[in-house]
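Number of protein chains: 2
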Amino acid sequence: MTPDQLLTATALGSWKQVTARLDKVFEPMSAEDLQRQVAPERNRIYYLLGHLTAANDRMLPMLSLGDRLHPELDEPFLLKPDKTLPDSATPEELKQAWLDVNAKLTAAFEKLSPGQWLERHTAVSEEDFAKEPLRNRLAVLLSRTNHLSFHFGQIALVK
Amino acid sequence: MTPDQLLTATALGSWKQVTARLDKVFEPMSAEDLQRQVAPERNRIYYLLGHLTAANDRMLPMLSLGDRLHPELDEPFLLKPDKTLPDSATPEELKQAWLDVNAKLTAAFEKLSPGQWLERHTAVSEEDFAKEPLRNRLAVLLSRTNHLSFHFGQIALVK
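So the sequence lines, in the order shown, correspond to chains Z and R.
Reading the first sequence from the start, the letters are residues 1 to 159 in our numbering.
Reading the second sequence from the start, the letters are residues 1001 to 1159 in our numbering.
Check the hints yourself; a few may be wrong.
[As the list claims (entries may be wrong)] Lysine-lysine pairs mimicking DSSO-like chemistry, simulated, CA-CA at most 30 Å apart:
(1) Z/131 - R/1080
(2) Z/159 - R/1159
(3) Z/24 - Z/131
(4) Z/24 - R/1095
(5) R/1131 - R/1024
(6) Z/16 - R/1131
(7) Z/159 - R/1080
(8) R/1111 - Z/131
(9) R/1131 - Z/80
(10) R/1159 - R/1024
(11) Z/104 - R/1024
(12) R/1095 - R/1016
(13) Z/83 - Z/159
(14) Z/80 - Z/95
(15) Z/95 - Z/16
(16) Z/159 - R/1131
(17) Z/16 - R/1083
(18) Z/131 - R/1104
(19) R/1159 - R/1111
(20) R/1083 - R/1131
(21) Z/131 - R/1083
(22) R/1080 - R/1111
(23) R/1111 - Z/16
(24) Z/83 - R/1159
(25) R/1083 - R/1104
(26) R/1024 - Z/80
(27) Z/111 - R/1083
(28) Z/111 - R/1095
(29) R/1095 - R/1083
(30) R/1104 - Z/24
[Unchecked claim] To be clear about the criterion: a stretch of chain R counts as covered by chain Z if any three or more of its residues have a C-beta under 8 Å from a C-beta of chain Z, and this derived list gives those stretches:
(31) 1002-1010
(32) 1039-1047
(33) 1092-1098
(34) 1110-1118
(35) 1121-1132
Keep in mind the hints are simulated off the structure, nothing from the lab.
All residues carry an ideal CB built from backbone N, CA and C; glycine is no exception.
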């Protein structure tokens, strides 16, 4: 690998490590486990699973990597707070959506060259990107990986 | 900037963004705020502030960036669970240590070339590194950034 390929492979390794750890957390959880809140009056794990899946799914169009798999998750898991709508997906559906979205993203990430990681994402204008070249696809990957870790820390409070 | 410089600058941008957000969280906290637990029977914010500072401080020797500033934080904040020892640092001392450690790290990070980011860190042997070249300094930076986000998510539960 060339140095720039090693750099992007290292960043992709971080994404894979965090998603794999969360896979192991979600996989054995029962419907009852998912109903638990991470702290009193805070989000349920069920909500955070949907929230992380929806936020990741949004990366597909944002990084021009293909169509979204689960746009129906935005309303209950990104736009509305927890417990404002009846639960719209079964635990099995939600767990499968989590796996499918991340699998589609990871496969697309693996194909990007270092130059493509440095390209602008669709949430920044060409004009702004000319001034701020760090607002690239890699920045989105790192930001979403940290978003996973942020909520992972909350889920880890539930014993 | 060359492509590999843009890649490492983007990763460094993620580190700076997360530390800056935590600066804003810790800065206004009173001694009383720091005593709050992130959830019942879970760590106090005081402990997490010391824990993150100590974990970051360890990057200095790990990445061959200089001597540690606060090795005395390991015992109370990394090796022992919360509330097993009397509080050894005042809130002001702990907040200052957080700022000093991150300032020293960030200044050192800014000077690393892309090639230096790809070098082995001291926690991996030369033999293992030959087989696993992704166990480099950049991987440690990304892992520590996600460690910050993990506990940031917990601290954000306290309103």
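Given pair status - residue 80 of chain Z, residue 1024 of chain R, alpha carbons within 30 Å
Roughly 26 Å separates the two Cα atoms, so the pair holds.
Measure nothing beyond the straight line between the CA atoms of residue 24 of chain Z and residue 131 of chain Z; if it is 30 Å or shorter, mark the hint as holding.
Not satisfied, since the Cα-Cα distance of roughly 41 Å exceeds 30 Å.
Hinted pair, alpha-carbon criterion (30 Å max): residue 104 of chain Z, residue 1024 of chain R. Please report holds or violated.
36 Å, violated
With a cut-off of 30 Å on the C-alpha distance, tell me whether residue 95 of chain Z and residue 16 of chain Z pass.
17 Å, holds
Can the stretch 1110-1118 of chain R be counted as covered by chain Z under the rule of three residues or more with Cβ-Cβ separation shorter than 8 Å?
Held - the stretch 1110-1118 of chain R has 4 residues with a Cβ nearer than 8 Å to chain Z, which meets the minimum of three.
Residue 131 of chain Z and residue 1104 of chain R: Cα distance at most 30 Å?
28 Å, holds
Taking 30 Å as the top limit, are the C-alpha atoms of residue 1111 of chain R and residue 131 of chain Z close enough?
22 Å, holds
Holds or violated: are the alpha carbons of residue 131 of chain Z and residue 1080 of chain R at most 30 Å from each other?
47 Å, violated
Compare the distance between the alpha carbons of residue 83 of chain Z and residue 159 of chain Z with 30 Å, and conclude whether the hinted pair is satisfied.
22 Å, holds
Hint consistency between residue 131 of chain Z and residue 1083 of chain R [alpha-carbon to alpha-carbon, up to 30 Å]:
Violated, because 48 Å separates the two Cα atoms, which is more than 30 Å.
Next pair to validate is residue 159 of chain Z with residue 1080 of chain R; report whether the Cα-Cα distance is within 30 Å.
Holds - the C-alpha atoms of residue 1080 of chain R and residue 159 of chain Z are around 19 Å apart, at most 30 Å.
Between the alpha carbons of residue 1095 of chain R and residue 1083 of chain R, is the straight-line distance 30 Å or under?
19 Å, holds
Violated hints for the displayed structure, listed by number in ascending order: 1, 3, 4, 5, 9, 11, 16, 17, 19, 20, 21, 22, 27, 28, 30, 33, 35.
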